[in-house]
Amino acid sequence: RDFNERCAQCSEVNWGLTDGGRFYCRSCHNVTERTREVVNTDFITNSRVQTISKGSRKQEKNDGGSEWYICEGFQLVLKKQVEALEALGVCPQMKDEILCNFWRCYLQKSKQAYCKRPAGEAVKALSVCESSTDVDSDPERPSLLHLLSLSESEGDLQTDCSFASSVSKVSESTSVYSGSVDGSLYLMKNQKEKLRMTMPMTLSFCYMALLWVREPITLSELLRYVVEGHIPYLNVFQHFPEKMKLCGLDLKIFCVESWPVYEEVFNKMHELAAFLDLPRFPDITESCFLHPDMLCMKYLMEANLPDELHNWTFFFLKKIGIGEVDFLTLVPGNKSTRKVKYDVLAAAVIVVVLKLLFLLDDHYECFFVISFISSQTKVCIFFFFGPYFEFKKWYEVVKHSLDVEQKKLDEERAKYLWRCEKPLFYSVKNKSKVLKRRQMVVNLQNQFGKLSGSVQRAKKPNPSSFQLSWSEENTDGSCFHGHSLKGVLQEKRGLLTAMNPDYWLCTVKLCNEKLCGHLAHYREVEFPQSYHFVLGLFSFLLRVQPSYIHDEVCMIEHKLFNKKLYKKLKYNTVLRK
Amino acid sequence: SSNEHKLNFKKSKEACLSYIQDALLQKQWKRAAEFLTCYVESLEKDYSREHIGPSEMIWRIGTEILWHHSQSSMKEFNCFMEQMKTLGVKRYLKVCLEHVFHLLCNGQTDEAYQNLSLAESWRFGEQTAIQDKEMKLVQAYRGLLDYYSWSKQKNILLERGEDGFSDLAVEQEMHGYFRKAAVNLKEIIKIPGVWDIFVKCYVDLLEFYGDHNEARQVLNEYAYNSKFPANPNAHVYLYQFLKRQRESKKSLISALKILHDIVPSHELMIDFNTMLQKSKKRKKCRLGLEVIFAALDYAGWKENAKAWSCLARQVKQIVISEKHIDWIKQEWNSRKDWWPAFHFSRYSAKRNWQENKSLSYEKALVAGILLGKGCKYFKYISHQGCKAQLKRFRMLKKFVNRHNPVYLRISG
Numbered sequence: 001r002d003f004n005e006r007c008a009q010c011s012e013v014n015w016g017l018t019d020g021g022r023f024y025c026r027s028c029h030n031v032t033e034r035t036r037e038v039v040n041t042d043f044i045t046n047s048r049v050q051t052i053s054k055g056s057r058k059q060e061k062n063d064g065g066s067e068w069y070i071c072e073g074f075q076l077v078l079k080k081q082v083e084a085l086e087a088l089g090v091c092p093q094m095k096d097e098i099l100c101n102f103w104r105c106y107l108q109k110s111k112q113a114y115c116k117r118p119a120g121e122a123v124k125a126l127s128v129c130e131s132s133t134d135v136d137s138d139p140e141r142p143s144l145l146h147l148l149s150l151s152e153s154e155g156d157l158q159t160d161c162s163f164a165s166s167v168s169k170v171s172e173s174t175s176v177y178s179g180s181v182d183g184s185l186y187l188m189k190n191q192k193e194k195l196r197m198t199m200p201m202t203l204s205f206c207y208m209a210l211l212w213v214r215e216p217i218t219l220s221e222l223l224r225y226v227v228e229g230h231i232p233y234l235n236v237f238q239h240f241p242e243k244m245k246l247c248g249l250d251l252k253i254f255c256v257e258s259w260p261v262y263e264e265v266f267n268k269m270h271e272l273a274a275f276l277d278l279p280r281f282p283d284i285t286e287s288c289f290l291h292p293d294m295l296c297m298k299y300l301m302e303a304n305l306p307d308e309l310h311n312w313t314f315f316f317l318k319k320i321g322i323g324e325v326d327f328l329t330l331v332p333g334n335k336s337t338r339k340v341k342y343d344v345l346a347a348a349v350i351v352v353v354l355k356l357l358f359l360l361d362d363h364y365e366c367f368f369v370i371s372f373i374s375s376q377t378k379v380c381i382f383f384f385f386g387p388y389f390e391f392k393k394w395y396e397v398v399k400h401s402l403d404v405e406q407k408k409l410d411e412e413r414a415k416y417l418w419r420c421e422k423p424l425f426y427s428v429k430n431k432s433k434v435l436k437r438r439q440m441v442v443n444l445q446n447q448f449g450k451l452s453g454s455v456q457r458a459k460k461p462n463p464s465s466f467q468l469s470w471s472e473e474n475t476d477g478s479c480f481h482g483h484s485l486k487g488v489l490q491e492k493r494g495l496l497t498a499m500n501p502d503y504w505l506c507t508v509k510l511c512n513e514k515l516c517g518h519l520a521h522y523r524e525v526e527f528p529q530s531y532h533f534v535l536g537l538f539s540f541l542l543r544v545q546p547s548y549i550h551d552e553v554c555m556i557e558h559k560l561f562n563k564k565l566y567k568k569l570k571y572n573t574v575l576r577k
Numbered sequence: 001s002s003n004e005h006k007l008n009f010k011k012s013k014e015a016c017l018s019y020i021q022d023a024l025l026q027k028q029w030k031r032a033a034e035f036l037t038c039y040v041e042s043l044e045k046d047y048s049r050e051h052i053g054p055s056e057m058i059w060r061i062g063t064e065i066l067w068h069h070s071q072s073s074m075k076e077f078n079c080f081m082e083q084m085k086t087l088g089v090k091r092y093l094k095v096c097l098e099h100v101f102h103l104l105c106n107g108q109t110d111e112a113y114q115n116l117s118l119a120e121s122w123r124f125g126e127q128t129a130i131q132d133k134e135m136k137l138v139q140a141y142r143g144l145l146d147y148y149s150w151s152k153q154k155n156i157l158l159e160r161g162e163d164g165f166s167d168l169a170v171e172q173e174m175h176g177y178f179r180k181a182a183v184n185l186k187e188i189i190k191i192p193g194v195w196d197i198f199v200k201c202y203v204d205l206l207e208f209y210g211d212h213n214e215a216r217q218v219l220n221e222y223a224y225n226s227k228f229p230a231n232p233n234a235h236v237y238l239y240q241f242l243k244r245q246r247e248s249k250k251s252l253i254s255a256l257k258i259l260h261d262i263v264p265s266h267e268l269m270i271d272f273n274t275m276l277q278k279s280k281k282r283k284k285c286r287l288g289l290e291v292i293f294a295a296l297d298y299a300g301w302k303e304n305a306k307a308w309s310c311l312a313r314q315v316k317q318i319v320i321s322e323k324h325i326d327w328i329k330q331e332w333n334s335r336k337d338w339w340p341a342f343h344f345s346r347y348s349a350k351r352n353w354q355e356n357k358s359l360s361y362e363k364a365l366v367a368g369i370l371l372g373k374g375c376k377y378f379k380y381i382s383h384q385g386c387k388a389q390l391k392r393f394r395m396l397k398k399f400v401n402r403h404n405p406v407y408l409r410i411s412g
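For the protein sequence lines, the chains are X and B, in the order given. Start counting the first sequence at 1; every next residue gets the next number (UniProt numbering). Start counting the second sequence at 1; every next residue gets the next number (UniProt numbering).
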């Protein structure tokens with residue numbers, strides 16, 4: 001399907017696959033010599049399949065394993081991940097059509113499959129973990145430390161050193177260990193141009209596919225599901241079949257010891273989209289879940305803010321033009337448009353609207369509003385408009401819940417179990433040591449687990465899109481959805497406007513993102529507590545750093561006050577002359 | 001960069017440790033166990049660069065939890081300790097010693113002895129030489145347990161001896177323990193350190209078998225060798241030994257001198273002062289006064305009637321003889337600003353009178369001389385005493401009145 005050459009006999013491009021894995025022209029039944037790389041989702045040891053310029057795959061080795069390539073491993077990982085997404089309710093096309101095609105495209109573009117191997121790049125069948133050959137050190141063969149340092153994956157430096165030192169003790173001219181055929185090659189080559197696959201990148205693939213299909217899962221949600229264990233990521237290699245032996249450098253590739261960060265996955269996704277030469281993604285329109293208007297609604301509800309605010313966020317989006325289809329839809333490779341973080345953007349919009357209405361300078365929202373409200377006759381107002389929204393009350397209620405949830409989250413983070421049953425060892429030589437250690441760990445876990453009292457290891461909570469929920473039925477008045485904004489609005493010439501005439505900019509000048517990676521530099525002490533609280537709330541919901549949202553807020557503010565700022569700058573330069 | 005906020009294995013385990021620490025400090029053993037269960041997988045990572053690795057953490061934390069947790073048994077504890085011994089060869093002997101300590105706390109002396117013997121026979125290449133000090137400790141503690149066995153046998157013998165029986169077997173056993181104990185105890189006390197219990201036991205053995213010379217040498221070494229850390233107990237042991245040997249006052253006094261320098265508030269200062277007062281040498285008497293004043297600087301002596309009587313006696317004697325009043329002046333100089341409030345307040349007067357008349361008598365004498373007949377302490381006590389028609393208080397009043405000029409000389 002992805003083979004685009006014209007048939008030698010009939011010049012058609014209409015290929016199919018024989019049982020033997022060779023391409024044949026469907027029009028004239030001409031069978032080519034081109035074979036398809038065996039990259040199945042299921043690891044079939046198909047002896048009839050030929051591989052290009054590599055010879056036949058060895059079936060059995062001493063330890064019962066077979067040859068396997070790194071990209072096969074990643075394929076398995078992706079398969080597991082997308083199956084998990086399916087279980088969460090994502091449409092099945094994502095697996096069979098979208099992600100599959102993305103992956104094949106990637107393999108082709110990165111020349112790992114579906115192509116003729118470039119000349120001179122024969123895969124060095126480096127020795128596998130069971131044997132340490134006394135090969136004279138090949139000047140081309142990279143030193144172990146060099147390989148380890150090149151790897152970008154999150155290995156622990158200490159493990160690296162111990163590994164390096166333990167291996168170097170074995171023999172002077174160490175050969176590099178990996179269970180896979182091309183593990184060391186994978187880490188070694190400067191793959192910058194070819195976008196080497198990493199574990200975080202699997203999530204970039206998933207997100208890209210989700211975005212293409214416009215599923216109602218944001219990136220922050222996806223990452224949260226990963227951390228909560230609904231999507232395999234940590235220790236996913238334990239689902240590799242028995243024959244795929246994992247050891248040595250494979251561990252550096254597949255064993256992660258940190259959770260991926262939003263920024264990392266996001267940037268990689270865009271790189272990937274450009275690398276794959278993808279066309280413009282399907283439009284993000286107002287009816288899409290990912291549209292900031294929809295996300296604002298969701299977040300307003302989750303943040304326990306009045307529904308009325310939605311009118312304001314909607315109006316705001318229109319005003320600065322970030323609700324436009326062209327702004328929101330992803331066009332890979334287009335460097336001039338800013339890449340849209342849908343969830344962060346929506347959160348930032350809410351923050352700016354709050355700033356507009358409530359100022360959030362630690363004074364206005366607390367004192368002015370309250371004094372105004374108390375000066376009105378409450379009874380009739382209540383009857384017509386519902387209770388007035390009071391920022392301070394909202395703050396207290398939400399802070400309380402937030403603190404409880406944050407505390408739970410912090411404890412969970414401290415209790416993560418990173419290891420799994422499948423033993424990992426760098427070489428067969430330290431296998432017994434590793435197994436012994438594992439046994440001891442299990443013993444200790446049992447011993448102290450019993451002493452933990454009645455605390456059961458909590459079952460994975462069901463995945464939920466909402467982390468905080470507020471019910472209008474609660475009589476304790478802790479739900480603010482129905483509250484009215486009349487306390488901060490006034491009528492002027494038939495229009496409702498904010499009573500607050502002021503606004504403070506988060507930053508007067510934006511940083512150059514390309515230089516320092518940020519638009520602004522957030523420091524808690526430099527900003528009002530209310531603002532910090534609101535940032536903190538969304539930081540918790542989206543599981544990103546407050547500074548990340550702050551950057552987005554700055555960006556929006558500059559869009560909003562663009563003209564004024566521009567005028568001011570111009571005025572300044574005139575003065576200097 | 002944003003990577004600093006990444007939650008990774010290391011940070012997760014650091015957080016876990018701080019939760020464990022909090023739980024331990026609040027004695028929440030179940031909670032500590034819960035978090036420790038999550039922490040133990042750190043063993044599977046290499047921390048060779050860290051100062052304290054996970055295996056040591058787990059050993060120490062696990063010991064605390066198992067020792068205090070209500071549902072933990074000695075059996076579980078022992079099992080855990082055995083596992084910890086296999087974890088880090090560099091710590092092997094330390095773990096053994098700690099285990100023995102806990103067994104002894106639990107009264108399991110036999111098991112403790114077995115563990116010590118086992119530890120003594122441990123060999124592990126170059127580690128044996130590196131852990132030489134710990135090994136000496138192991139041997140020393142085994143020696144200590146041998147001493148206790150010796151002591152038991154000795155008591156048995158003494159009891160039976162009283163009844164007229166003699167038991168050769170018991171005697172032989174006793175001597176056997178002595179030999180084993182002596183050899184090990186002797187070794188450890190050669191190394192500079194604080195070995196109070198070993199020294200005491202060793203000296204006890206030596207004295208029993210009549211080797212007083214060796215005992216004296218050991219005690220002198222322990223007290224006077226500058227390589228050993230300053231230890232008041234060393235001087236106390238030496239003093240007690242000399243007293244048992246009925247040595248001269250001169251050597252007894254020299255033994256206590258250093259103790260006075262190190263711990264002026266020591267309980268033996270009373271004995272010291274008594275000895276010094278009796279001496280005919282002027283310097284010694286002077287020192288005696290210094291000693292008793294220094295002791296009474298400490299709050300623990302405030303209500304000690306004996307101490308006050310020592311001071312009162314000496315002060316009285318000086319006043320009557322009219323010699324060396326300047327001694328009192330010298331001692332009082334640095335104290336006149338704060339002793340009145342410290343010892344001679346009106347509140348103390350009332351309390352002392354209520355609780356201990358002898359104490360108040362002695363104190364009143366001292367107060368009267370040092371502060372004059374007008375001082376509130378003296379006035380209150382003497383008034384109360386005369387009211388109660390106690391003869392000695394009347395005498396006291398007369399005495400102080402008569403010698404009031406002394407106060408003037410002191411305070412001037």
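Please keep in mind that the hints were generated in silico from the structure rather than gathered at the bench. You may find that some hints are simply not true.
[Said to hold, decoys possible] If you want a taste of the chain B side facing chain X, the calculated C-beta under 8 Å gives, among others: (1) A33; (2) I58; (3) Y113.
For clarity, every value in this text was computed on a predicted model and none was experimentally measured. Where a beta carbon is used, it is the ideal one built from N, C-alpha and C, also for glycine.
Here is how each hint holds up against the structure:
A least Cβ separation of about 4 Å between B:A33 and chain X falls short of the 8 Å threshold, and the interface hint therefore holds. Taking 8 Å as the C-beta cut-off, the interface hint given for B:I58 holds, the closest approach to chain X being about 7 Å. With a least beta-carbon distance of about 26 Å to chain X, the hint placing B:Y113 at the interface is violated under the 8 Å criterion.
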